[in-house]
Amino acid sequence: MTKLMEADWRLLIQNKRFRAKGSAWMSWIPEARSVKWWIIAGVSSVLLILAIWFIRFELLGQTWTNVHAFRFALFAIMWSVLLSLAGWSGGRWLWLCSNIGILVGLIFMGLYSGNATGWEDLVSLLSFMIMIISGLAVGIVVELILMTVRFVRK
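Residue 106 in our numbering is what sits at position 106 of the sequence shown, and the numbering runs on without skipping anything.
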């Protein structure tokens with residue numbers, strides 16, 4: 001590593017705006033251990049349930065079945081609570097990246113299952129899951145990078 005690159009790296013690490021906690025644009029996300037995370041979990045659960053139900057039963061015209069609706073609701077609640085727990089634990093970037101993955105997954109689920117029937121319809125659910133897991137992976141990587149920067153800064 002050249003001396004110039006090393007100097008740039010040290011300036012970046014010392015820059016207070018580089019920290020996630022101090023970022024002005026991250027200020028709308030609650031701090032760790034805040035009660036607001038559980039409000040977010042409830043609201044995001046309801047929104048995700050409604051979005052999945054809308055895509056599966058209205059947009060795609062599938063027949064409403066209570067069993068499938070209940071399973072989709074449990075799935076949405078599980079992800080919302082899990083991601084809010086990550087945010088409550090301090091993983092704000094993990095929460096943000098995962099929710100972006102959920103939004104992209106919802107879009108993909110709506111696009112991929114246009115004329116699909118039967119087994120082909122599972123592709124839309126698989127793409128939704130892949131996008132959620134991709135967002136989760138990106139969030140983990142960002143959190144690890146920030147943890148490394150904080151460790152090097154000390």
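What the hints contain is simulated information worked out from the structure, not anything from laboratory work.
Incorrect hints may appear among the rest.
Unchecked claim - Straight-line distance between alpha carbons at most 25 Å, and here's what the computed SDA-like set of lysine to any residue pairs gives: (1) Lys36 to Met26; (2) Lys36 to Ala73; (3) Lys36 to Ser127; (4) Lys36 to Trp25; (5) Lys154 to Gly90; (6) Lys154 to Ser27.
Structure-based check of each hint:
1. Lys36 to Met26: Holds - the C-alpha atoms of Met26 and Lys36 are around 15 Å apart, at most 25 Å.
2. Lys36 to Ala73: This hinted pair holds, its Cα atoms lying about 22 Å apart.
3. Lys36 to Ser127: violated (30 Å)
4. Lys36 to Trp25: Within the cut-off at roughly 18 Å; holds.
5. Lys154 to Gly90: This hinted pair holds, its Cα atoms lying about 19 Å apart.
6. Lys154 to Ser27: With a Cα-Cα distance of about 24 Å, the restraint between Lys154 and Ser27 holds, given a limit of 25 Å.
The earlier numbered hint that this structure contradicts is number 3, and it is the only one.
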